[in-house]
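Quick note, the sequences are listed as chains A and B, same order. Residue numbers for the first sequence follow this note's numbering, beginning at 1 and rising by one. Residue numbers for the second sequence follow this note's numbering, beginning at 1 and rising by one.
Check before you lean on any hint, since a few could be wrong.
Straight line, CA to CA, 27 Å or less: simulated DSSO-like cross-link-like pairs of lysine-lysine [to be verified]:
#, chain 1, residue 1, chain 2, residue 2
1, B, K229, B, K134
2, B, K3, B, K41
3, A, K96, B, K25
4, A, K106, B, K25
5, B, K41, A, K94
6, A, K94, B, K229
Just so you know, these hints were derived from the structure itself, not from any lab.
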Amino acid sequence: MQAIQLFSITGSIIIYLSIIELIRRGMLKERYSLLWLFTTALILLLSLWRGLLDKAAGLVGIAYAPSLLFLVIFIFLLLIVLHFSVVLSDLSEKNKTLAQDVALLKASLEGGNAIKKDRN
Amino acid sequence: MDKVLIIMPAFNEAANIGKVISAIKSAVPYADILVVNDGSKDSTGRIAREQGVKVVDLPYNLGIGAAMQSGYRYADAMGYDIAVQVDSDGQHPADQIGDLLRPIAGQRADVVIGSRFLGKGEYVPSLARNIGIKVFSWAVSVITQQRVTDPTSGFRSANREVIRFYSRSYPEDYPEVEAIVLLHKAGFNIEEVPVRMEARTGGKSSITPVRAVYYMIKVLLAVFIDLLKVVERGK
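Only chain B is shown next, with the shape it has when bound in the complex (with noise of 0.2 Å):
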């Protein structure tokens, strides 16, 4: 049986995490819980503790990337087989979890992104950030050369070698997009997989389209300077 680590990284989660942590729970006994409490102000830190599963205090707000790659080192260090990265807010349903960890097991994928865009579930992106997905994903599936729907979900799972990867550098800026394609220039398997996601519960989306714009192009900037960089797969 593969050890299984879920890498919940979390910044002022403590409206939703509880749940979120329950609903892991029952769908996935087998696995280990992790999470990442990135410098948040509210008592996100002591409601994980509460549910019994280990957290990781980071001493002050590093960001997505580098808090995302604190739990992947953490499953580096601990021999985790596999790792799956979900979010606190509970937008990652946790009936999902189980599709994302099947290719792995299996061996058929070192990476699975769960795709909100192949065929399960209703998520109706605004006009805005479906432009932005659309641009991503003609971006990324020009450079890795296969077909890849939805390059900003979170909702994924990495093998022993990709955590290794990750645990080593772990892109900081926009880890999402950037990470397919230095997963791609270090030759892992990219899979995507259907999921259902919900929308968000708390807090609204602060995308303006003169935001959006802006957003799309630094992303894109950071990805074609990671098609400069030098990607070492190691071992």
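Chain A with its partners taken away, still in its complex shape (with noise of 0.2 Å):
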């Protein structure tokens, strides 16, 4: 077994250790974990298998098969970061409707009744 697997395996084991124990505790939320579990499973498994991941790197042309590890991770943060940037402006959309709602309550509490239906 070469360095590179052994230090590849161990990290992946220890990340989806880290995203198990997260979730957990309530620190991270099912739904982003999907993403994160799935790729550190694959890793893994491609780490382990080194006639897999030999196999798949010579399917898309890659001469040393670890740097298929590299780009499998590269392609999955790139993922990770478009979704975190939906995320974002779903709740910055949200977060302007809650703060419009409280300004446009608080102004008919002063008087008239400025919300009579709610918009979802």
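Quick one: dock chain against chain with the hints and give me the complex.
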């Protein structure tokens, strides 16, 4: 077993356990952990099963097989950052609506009824 | 008689807002006035309340687009027929509001934009601003297939349907130019009327040539993204 293989096996096991621990303590929502768990599992699989890694690397034309791991990690990071941007956009829209609701409700307490119906 | 609401978004406008409100009150006494206080640090909200107008205090600074949308949401919830957006800094003269109301009241247009470039008043923009306005005017005219001379003007009026459309979604980043594109996509009738505007009294414009170009590119990008958006007119 090469050092790089040992390194990636240990690395992915540590990340996997950390994610599970974060979910267990309620610090990471399941919804956001799926992509993490899936990718870590994939990296672990590729680290353990050297034959699969070599085959997959050969298929996409990568000479040095372990660099396929970097490619997988890179694609994953790209996806998760994109996912964050989507979540952030959604949150900021909801935050804006909430701020407006609070302001309109406060104004209606001063007199009149500013909000008569919900918007979703 | 149509129920008319004047929406005045205000951010740190304590110096001007009192005068502006009293001018509007005497020019259009039949209209209600709503000040959307966008997290001002000064006494904007207190001064507006002393004038007896309705004030919505946003909990923190949400920016012009979200502030304007708050006004439209209020107008929608309270059942106003026409909403007019007027700046709190005094650059939109109260005696011009009537001109913005007429095409809506006469049902010739869904939304009316007050333009500085249709022969009324003698507003002369700085060179950088002028180039920017010309470029937006060209882009918006091509997109909407009608002549739009003053796409950055924030002096506008809207009928009930547009109020509802705005209250559901209103552009945030560069709302004036973007709103025209979105309104066009939703199939609303847009009309420009000539208006006179005052030069800014307080504060100085922060536009430098580099910033002007940067701003222009950002707005154009936002407009192109708007073209990709799914826009529903609703009912």
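A quick look at each hint next to the structure:
1. K229(B) with K134(B): holds (24 Å)
2. K3(B) with K41(B): Distance ~32 Å between K3(B) and K41(B) Cα, so the pair is violated.
3. K96(A) with K25(B): violated (30 Å)
4. K106(A) with K25(B): Measuring from Cα to Cα gives roughly 24 Å; hence the hint holds.
5. K41(B) with K94(A): The hint holds at about 24 Å.
6. K94(A) with K229(B): OK: K94(A) and K229(B) at ~19 Å, within 27 Å.
Violated hints, listed in ascending order, are 2, 3; each of the other numbered hints is respected by the structure.
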